[in-house]
Amino acid sequence: MTTSAPPRPPQSPDRPKRRRGDRIFAGSATGAGIFILVVLAGVAVFLVAESWPAVVAPAEDVSGGEGLTSYITPLIFGTLLASVIALVIATPLAVAIALFITNYAPRRLAAGLGYVIDLLAAIPSIVYGFWGIFALAPALVPFYAWAERNLGFIPLFAGPASATGRTMLTAGIVLAVMILPIISAISREVFSQAPALHREAALALGATRWEMIRMAVLPYGKSGIIGGAMLGLGRALGETLAIALVLSASGGITFNLISNSNPSTIAANIALQFPESTGLQVNTLIASGLALFVITLAVNMLARWVVTRRADFSGAN
Amino acid sequence: MAKRIDVSDLNIYYGNFLAVEGVNVSIEPRSITALIGPSGCGKSTFLRSINRMHEVLPGARVEGKIVMDGQDLYGADVDPVNVRRQIGMVFQRPNPFPTMSIYDNVAAGMRLNAKKMKKTDTDELVERSLRGANLWNEVKDRLDRPGSSLSGGQQQRLCIARAIAVEPDVLLMDEPCSALDPISTLAIEDLMTELKERFTIVIVTHNMQQAARVSEQTGFFNLNGVGQPGRLIEFNPTEKIFSNPDEKATEDYISGRFG
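Here the protein sequences line up with chains A and B, keeping their order. Okay, so the first sequence: first residue is 1 according to our numbering, each after it adds one. Okay, so the second sequence: first residue is 318 according to our numbering, each after it adds one.
Any given hint could be a false lead.
To be verified - Partial list, derived from the structure: chain A residues whose beta carbon lies under 8 Å from chain B:
#	residue
1	Leu109
2	His198
3	Glu200
4	Ala201
5	Ala207
6	Glu211
Stated by the list, open to error - When the alpha-carbon atoms are kept at most 35 Å apart in a straight line, the in silico DSBU-like pairs for lysine-lysine are as follows:
#	chain 1	residue 1	chain 2	residue 2
7	B	Lys433	A	Lys222
8	B	Lys565	B	Lys433
9	B	Lys457	B	Lys513
10	A	Lys222	B	Lys320
11	B	Lys433	B	Lys320
12	B	Lys457	A	Lys222
13	B	Lys557	B	Lys320
14	B	Lys435	B	Lys320
15	B	Lys513	B	Lys433
16	B	Lys513	B	Lys557
17	B	Lys435	A	Lys222
18	B	Lys565	B	Lys320
To be verified - So, partial list: chain A residues that the calculated Cβ filter (under 10 Å) puts toward chain B:
#	residue
19	Arg18
20	Pro195
21	Arg199
22	Met215
23	Met301
Everything labelled a hint here was simulated from the structure, so no lab data went into it. Remember, it's a predicted structure, so these values are computed and weren't measured experimentally. No residue lacks a Cβ here, since even glycine has one placed at the ideal position from N, Cα and C.
Excised from the complex, chain B in its bound form (with noise of 0.2 Å):
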């Protein structure tokens, strides 16, 4: 199911603004790949051009291509939401839907997909995406209880159970820690090397620590200054990326000699 993403010339534009520039990646299936690099340097934004959740914004617009696995992600006939039908989501605050229960959560992808389940494959689903990030144990005597009475790093695995609920071949995540302590991180991460085998996963993370821990390949971003557009200045291994670089910018920052 995990699939790869090829991205060619990107530019990303907010308006007249160019916030983004000159893209080129690709992105391993059934890997994890982090991008990291000061705020502001149009990670994040990247990140969301991918499943086109930028687009949220008005005046938002890309330039270049997406493609993954031959289907280009922005092509004239293509609905953004399929595109994140099949690419989804965890954001830095977890946002589980405060109005639903623990169960409705997981289920409510399925549900937005308009296919009449029956109740035992409802709960069959429900029960394998929250095994899947590692909560089931933890909430299955209170499903009925709404997403918001568990703890944040909680709500952060509820925030990944209903994400894989929809089989999505790609799952990006926008510092999906940042709003963690070290346990809930820690659990978070090992989640992240489990999902790996089923899903190609994007990583945004301040937290290189964390980039080198987990992801098999780095992509490190910056910009010249205030105004100017982001680029991906280096896309390496991970452990060439923290042991010997190409670029003098990325040692800089990774060895916090920065700015």
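Next comes chain A alone, as it looks inside the complex (with noise of 0.2 Å):
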């Protein structure tokens, strides 16, 4: 192309030119950005619409012949009390495979170790529910035994302990293993951003390496881990079929872990009873989904809330 430019006109001085180029770019990325809003608030719409027969209907109508309210909080209790154990569980051992990963791991096993840890996000949830089911059901029962036995006086291991394993710890610990990855990835990578800037400081001030990890690293990485946490929230409050595998449930509310009647999760029921449902009973489902798309709506909020408390601290400054 050797086609030189026509000479432009002079600007007139009170309006910026727009290049075409600008304007492209600032019309799809505002477009993109409606689009998400839309897509949102039209599932907003469908959940609301189509569970709003399930509100209105006589409690007597609505599946288990109580009420929605009743139908639907066992449920949620169910679905954040699996969350929670997965979250208390992989949290810190993400974090602190992490820290190992991106700190002590010497170059070439940490490159190996980190493959190997994110290859676990890329297994089909449908197989850590056979792995739950059919190898760490069966190898906790003992545990559950024993647990029994000597930890009976906390009302988590108060039994009677299951005989297949199939609880609501057993639950949240595949739940555990399946948010692992996620958690570890994004701390990975928020704690190799630490600035070698920090990271001299401390270890100039006489910091051993965990002190320097201390002062530098991880209160750069909080937001990060909580981040993930979040993530992996998120994707354990939604997960489905592992559960609906793993967990004997029978309804109910009970903080009682090792049993074998245990409250079923939102997504779970849902998956196992939409096939023989039938009109009333699909909205009451629907009405499930909306109170779990509520739940992991209020996560998401908090972890945010919780990430910007303290920006001026952030270190992203």
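Taking the hints as your guide, dock the two standalone chains into a single complex.
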């Protein structure tokens, strides 16, 4: 191309020139932003509209015969319980793995280990379900029996211990393994970006490696850890197949983690009940889906609030 | 508290690469020693080897000896962590911990020593260190604000306060003013002149006027070519270096006829 551009007319000083590339990019970016909001609003509208019949229906017509609230409450409880167990197990483990990979492991081992952890994320959830039901659950049966005998005074281990191992705790552990790669990948990313400037500042003050991590790496990565944990929580809340396979659900609300009678979770319950549901039963399931939608939204907003609360001290400035 | 440092036959390697070769020098206590020389000549590497900070990079090692008041810093049973507690360092870019307040930044080093300190003792230490760094009057009303809310020059003085809070014997400064404006630079230079009453100070600088203004002794580093190790070409009193140096290379460098 050898053609030269014609001389441009002088710009009027009060109006900045907008180039075409800028306009196209601004337009498509804005469009994408609006699109995601429209999709979100569409999902919300659908959920509300479809669950409305279940909300206004007389209590005895709803599945279970005692009204929508008493149908959904145990499900919400089960969902939160399984997810919290998963989070409590997975977060410290994931942070420790990420610290090991970024700060302690020799470089070659670090690369290999990081790759293996990432691979965990690629395993389909049905496989986790099979692993949970055929390998993990039987393996945990002796532990549950032991826990009932020795830790039975704690309500969490009141028993009677499950003979199949398909308990809330097993489900939580399976979920923990599933969300581990998400949390550790994000933690690893933020830890490896902890500025050398601040790591050296800590070391030059006479910090040991662990003290350096506490002073310069963990505070810097805190928002990343929280973000990763919340992403993991999002996956745990919505996880369907693994829970549906592993958990022996009978309804009710209980903190007893090692027995055969457990509350189901929203997503697993929908998956199990949906094929045999008609009419108002479908509306009831969709209403439970709406509850899950609201919970997930609330969790994300909470995470965002936690992350931005001390923005001054975040290290991003 | 200020201690003397004797370096003999020091070679510094990164892996198999010899970065600095054959340094012999004695650094006097209660004085400022400046290290000058072109970029890449090994003066920062040498500075970082004094408190074993260069070991942060994998594969870094030294041959030879660095002795501080009779204590071999590279002895077999010497923990680099302890060396760094005795030899503080200030870096080229101000690096206060962004997640800590001004107060916590100054107290950070003391808290590392795992001593339980009373609140009043910590308050006193923070005030004493900030006064020592000529920063107290500017920050005393906002000690709970993040260190990153200060200006560049203030941040650098905060880093100096943090370094002197642990009462080190030696203070190493790696181009401490190169990111600062002339007024902040002047403030730091004044501060250095005060601090040399209590500490041994070694400063790497690209600013030859700065070396001439603040230091008693000056060392000139140079290298013969890319890939060659850096060497300490000349080490003499600052006045002599800048008026009548022994080596032609030194004269060429300080008069700008270099390279």
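Verification of the hints:
1. Restraint check, Leu109/A versus chain B: the minimum CB separation of about 13 Å is more than 8 Å; hint violated.
2. Because the closest C-beta pair between His198/A and chain B is about 6 Å apart, less than 8 Å, the hint holds.
3. Proximity of Glu200/A to chain B holds as hinted, the smallest CB-CB distance being about 7 Å (cut-off 8 Å).
4. Checking Ala201/A against chain B: minimum C-beta separation of about 4 Å stays under 8 Å; hint holds.
5. Proximity of Ala207/A to chain B holds as hinted, the smallest CB-CB distance being about 5 Å (cut-off 8 Å).
6. With a cut of 8 Å, the hint placing Glu211/A at the interface with chain B holds, because the nearest CB-to-CB distance is about 6 Å.
7. The suggested pairing of Lys433/B with Lys222/A holds, with an alpha-carbon distance near 26 Å, which does not exceed 35 Å.
8. At most 35 Å may separate the alpha-carbon atoms for a hinted pair to count; Lys565/B and Lys433/B exceed this at roughly 55 Å.
9. Taking the CA atoms of Lys457/B and Lys513/B, the gap is about 25 Å. The hint holds against a cut of 35 Å.
10. Restraint check: the Cα-Cα separation between Lys222/A and Lys320/B comes to about 40 Å, which exceeds 35 Å; the hinted pair is violated.
11. For the given pair, Lys433/B sits about 27 Å from Lys320/B by alpha-carbon distance, which is consistent with the 35 Å threshold.
12. As the CA atoms of Lys457/B and Lys222/A are separated by approximately 28 Å, the hinted pair is consistent with the 35 Å bound.
13. As the CA atoms of Lys557/B and Lys320/B are separated by approximately 24 Å, the hinted pair is consistent with the 35 Å bound.
14. About 29 Å separates the Cα atoms of Lys435/B and Lys320/B, which keeps this hinted pair within 35 Å; it holds.
15. Between Lys513/B and Lys433/B, the direct Cα distance comes to roughly 30 Å. Compliance with the 35 Å bound is thereby established for this hinted pair.
16. With a C-alpha separation of about 21 Å, the suggested pair Lys513/B and Lys557/B falls inside the 35 Å cut-off, and the hint holds.
17. The hinted pair formed by Lys435/B and Lys222/A meets the criterion: a straight-line CA distance of about 28 Å does not exceed 35 Å.
18. With a C-alpha separation of about 32 Å, the suggested pair Lys565/B and Lys320/B falls inside the 35 Å cut-off, and the hint holds.
19. Taking 10 Å as the C-beta contact cut-off toward chain B, the hint placing Arg18/A at the interface is violated, the least distance being around 36 Å.
20. Evaluation of the Pro195/A hint against chain B yields a held restraint, the C-beta minimum of about 8 Å falling below 10 Å.
21. Proximity of Arg199/A to chain B holds as hinted, the smallest CB-CB distance being about 8 Å (cut-off 10 Å).
22. Among the interface hints, the one on Met215/A holds; its C-beta lies about 6 Å from the nearest C-beta in chain B, closer than the 10 Å criterion.
23. This hint is violated: Met301/A has a C-beta 23 Å from the nearest C-beta of chain B, more than the 10 Å allowed.
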